[in-house]
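Chemist: Read off the chains here:
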Amino acid sequence: MDIFKRSFLNLLRAAGRTITVVVLLAVCLGLGLSMFEENATAASQLGAVSGKLGTGIIVTPAGYAGLASGDAILPQSAIAKLNGLAHVALVQSSLLASYAGNVNLKAGSPAHNLNGPAEKATPVQDIGVLGLDPSVANPLLIGPNGYMKVTMVNGTYFTAADANSDVMIIGQALAVANHLEIGSTIDFYGVPVQVIGIYSTGVTDNRIIMPIAIVQRLYKLPGANNIILVADNVNNVNTVVQEIRTIFDSNTADVLTATSVYDSIHSDLVNAISASKSGMIVTFTVTALVISLAMFLVMRQRMREIGILKAIGASTRRIELGFGIETLLMCLASAVLGTGLAVIFVRKGLVGIDTIISPDIFLVAIGVMVVLALISSIVPIWYIARVSPAEVLRNE
Amino acid sequence: MNEEPIVVAHDLSRYYQTREVLVEALNGVNLRFQKGRMIAIRGASGSGKTTLLNLIGALDRPSSGSLVVDDIDVARIHGRDEVNYRLHKVGFVFQSYYLIPHLTALENIILPMELCGVNTEKRKIRACELLQRVGLEKTHGSRKPSHLSGGEQQRVAIARALANNPSIIIADEPTGNLDTRTGTLIIDLLYSLTEEGRTVIVATHSAEVAAKADMVLEMVDGHLLNPVEV
Numbered sequence: 001m002d003i004f005k006r007s008f009l010n011l012l013r014a015a016g017r018t019i020t021v022v023v024l025l026a027v028c029l030g031l032g033l034s035m036f037e038e039n040a041t042a043a044s045q046l047g048a049v050s051g052k053l054g055t056g057i058i059v060t061p062a063g064y065a066g067l068a069s070g071d072a073i074l075p076q077s078a079i080a081k082l083n084g085l086a087h088v089a090l091v092q093s094s095l096l097a098s099y100a101g102n103v104n105l106k107a108g109s110p111a112h113n114l115n116g117p118a119e120k121a122t123p124v125q126d127i128g129v130l131g132l133d134p135s136v137a138n139p140l141l142i143g144p145n146g147y148m149k150v151t152m153v154n155g156t157y158f159t160a161a162d163a164n165s166d167v168m169i170i171g172q173a174l175a176v177a178n179h180l181e182i183g184s185t186i187d188f189y190g191v192p193v194q195v196i197g198i199y200s201t202g203v204t205d206n207r208i209i210m211p212i213a214i215v216q217r218l219y220k221l222p223g224a225n226n227i228i229l230v231a232d233n234v235n236n237v238n239t240v241v242q243e244i245r246t247i248f249d250s251n252t253a254d255v256l257t258a259t260s261v262y263d264s265i266h267s268d269l270v271n272a273i274s275a276s277k278s279g280m281i282v283t284f285t286v287t288a289l290v291i292s293l294a295m296f297l298v299m300r301q302r303m304r305e306i307g308i309l310k311a312i313g314a315s316t317r318r319i320e321l322g323f324g325i326e327t328l329l330m331c332l333a334s335a336v337l338g339t340g341l342a343v344i345f346v347r348k349g350l351v352g353i354d355t356i357i358s359p360d361i362f363l364v365a366i367g368v369m370v371v372l373a374l375i376s377s378i379v380p381i382w383y384i385a386r387v388s389p390a391e392v393l394r395n396e
Numbered sequence: 001m002n003e004e005p006i007v008v009a010h011d012l013s014r015y016y017q018t019r020e021v022l023v024e025a026l027n028g029v030n031l032r033f034q035k036g037r038m039i040a041i042r043g044a045s046g047s048g049k050t051t052l053l054n055l056i057g058a059l060d061r062p063s064s065g066s067l068v069v070d071d072i073d074v075a076r077i078h079g080r081d082e083v084n085y086r087l088h089k090v091g092f093v094f095q096s097y098y099l100i101p102h103l104t105a106l107e108n109i110i111l112p113m114e115l116c117g118v119n120t121e122k123r124k125i126r127a128c129e130l131l132q133r134v135g136l137e138k139t140h141g142s143r144k145p146s147h148l149s150g151g152e153q154q155r156v157a158i159a160r161a162l163a164n165n166p167s168i169i170i171a172d173e174p175t176g177n178l179d180t181r182t183g184t185l186i187i188d189l190l191y192s193l194t195e196e197g198r199t200v201i202v203a204t205h206s207a208e209v210a211a212k213a214d215m216v217l218e219m220v221d222g223h224l225l226n227p228v229e230v
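Going line by line, the protein sequences match chains A and B. Those letters in the first sequence? Residues 1 to 396, per the numbering used here, in order. Those letters in the second sequence? Residues 1 to 230, per the numbering used here, in order.
None of these hints come from the bench; they were simulated from the model. One thing to keep in mind: the hints can contain errors.
Partial chain A-side listing against chain B, Cβ under 7 Å, derived [said to hold, decoys possible]:
1. R13
2. G313
3. S315
4. A390
In this text, a Cβ means the ideal position worked out from N, Cα and C, and glycines have one as well.
Based on the sequences and whatever the hints tell you, model everything.
Modeler: Shown next, in the form of C-alpha cells:
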C-alpha cells in the first residue's frame, strides 16, 4: 500500500508532466481505438455483405451486352466442362436471342396479370427468347434485383422430356398483351412453337422461354451466351472462378461474381479494414513508444532519487515496482480519457466509414493499455536494475 | 569501548577500466576498525576515500581482496543480502545530503523504515525521536529540504541514516558544504553516535574534522599511508 500511495503522490507532484503524458497517450489510444472499432465494423459489414452477395457466378462471352451483342456465344463443348468443376452446386446454361418470327409480338407492362386489362401494352420492341435447360427444375433468371425464380401461374414448366420439343413458356405480361394462352402457338423461323405454360417473376415477365436445344436449333447457335454457376459456399466462389478461367480465358469470356457486381461496396470495406488495421498498428506502436520514452525520461530525471533509494536500502525490485505502478496509473487514466476521445473521433466522422462503437470499448482500452504498459516497461526497468548508486551519486 | 574489530579489509583493491587506462582507485588496502570508534579517512580529492566508503557500504564491489564488516563478507553479498545490509547494517551521510526533495524532513527520515516494512505509527514515532536526537524541533519535520538550512538538512540526513538503528555510520565529507561552525556541530553530533556503540567512518580532507576522530587514516592515490591496526 505504501508503494502504491508513494507512486500516486509522485504522479501528483509532477502534475504538469503527468497530465501531458496522459493526454498524449489518450490521443494516441483514442485514434487507435477508433480504428479498432472501424476495423470491427467494416469486418462485420463485409461479412454481412458477403452473406448477401451469395454464391452466384455469371459467365458470358467476352464483351457480351445482352440482346445487342447479336450471335456471340460460348461453345457447347467448353460449356460441358463446367459441369465437372469442383465446388459447383448448379450450372445453368442459357441462350438469349431476340424473337424472330412472323408474329408482331407486343411487350406487356409488369403490372399485368391474367385478370388485368390488355390495353396497356407498350409499343413493339425486341422480345427476348431465352433458351434454358429443361432438366433444371427451378431455373434462375437475372433481373434488376438479382436472381429471380420462375413461378408458373398457368400450365406447366418443362420436363426433361421436353428437351427437343417445340414448346415454350411465356411471361405473364407478354401473354396478356398478345392474348396468348395455354396451347397457343407462335411462329419461329417458320416453326410453330406451342405455349405450355405462363410464368411470372414479379418483374421481368415479357420473355419467351424454350428448351435451349430448340433455341440453338432455331437460331443456329450451338452454345450459350449466359451461364449461371452457383458455388457450394461463398468461400469457394473465387476457387470456382479460377477453375472457370482454365476453360474460358479472359479473351473468350467475362466472369462476373456477385462480389465483382458489388465491387465498390466490397472494395470500400476491404480498404477500410486494411487501412484501419495499419492505422491501429501504427497508433498502438506509437503509444508504446510514448510510454517507453515518458518512463525513460522520468527515470533519467529521477536518477539521483534512484541512487539515493538504492543507497539507503531500497531493492531494485521495489524501485522497479514503483515506476511500474506510476506507468500503470498513467496508462489507466489514458484509457479512460482515450475511450472518450475514441467516441468523439467516431461521432465526428474522423474514421472512414460509419463506425459502430461497441459497448466493451472501455474494456478493450484497459486491456490495450495494460499490455502496452507492461511491454513498454521492459527497457526502463532493465535500466533501473543496472543503475549503480555509487556511480550515480558520484556523478551528481 | 568494545575492542572487537567491526571492519576488516585485507588487500582490498578497486580498479576502473576507462577507454585508455586502468584506474586504480584503491590498491591493496589493509585495515581494521574497532567498534564504537570514529575513524577519519583523510586525503585529497581522488585519493580513494569515497571508493573505500562505498565498498564498506556495499554501494560498490571490490575488484579483489576481502572485506568483512560485522562478520559479513561484504565483497561477496548480493541480491537480498546486499539490500538488507544497506538497510540494517549501515547508514549513509553524504556531502550533498541527498535528501529526497519532494518529501518533508520527517518523510525522509521515515523512508528507510518504510523500506523495512515498519508499522506506520511506529515509524512516525521513531522519526520524531530521531528528529529530536539530531537537535531539530518538531516543526522542522514538516518542512521540505528546500526550506531547511544546510546544517539542518545534514541533521535530517543523519537522522535518516539512524532510522533502522545501524551499527555503522558512513559519512562522506559531511561538512563539505557547510560553514565551519555548522560543520563542527555536525561532527560533534556524529561523534556522539559513538557513545551509543556505533562506529562512525568519516571521509574528509579537513584537518579540523580529522582532529576530532579517534583514529585518522591518510590516503594517497588509493593507498593507505598509515595502515592499519588500532
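Chemist: Decide, hint by hint, whether the structure agrees.
Modeler: Consistency of the hints with the structure:
1. Against a cut-off of 7 Å between C-beta atoms, the interface hint on R13 (chain A) holds, since the closest Cβ of chain B lies about 5 Å away.
2. For G313 (chain A), the interface hint holds, the least distance from its beta-carbon to any beta-carbon of chain B being 3 Å, beneath 7 Å.
3. Checking S315 (chain A) against chain B: minimum C-beta separation of about 4 Å stays under 7 Å; hint holds.
4. Because the smallest distance between the Cβ of A390 (chain A) and any Cβ of chain B comes to about 4 Å, under 7 Å, the interface hint for this residue holds.
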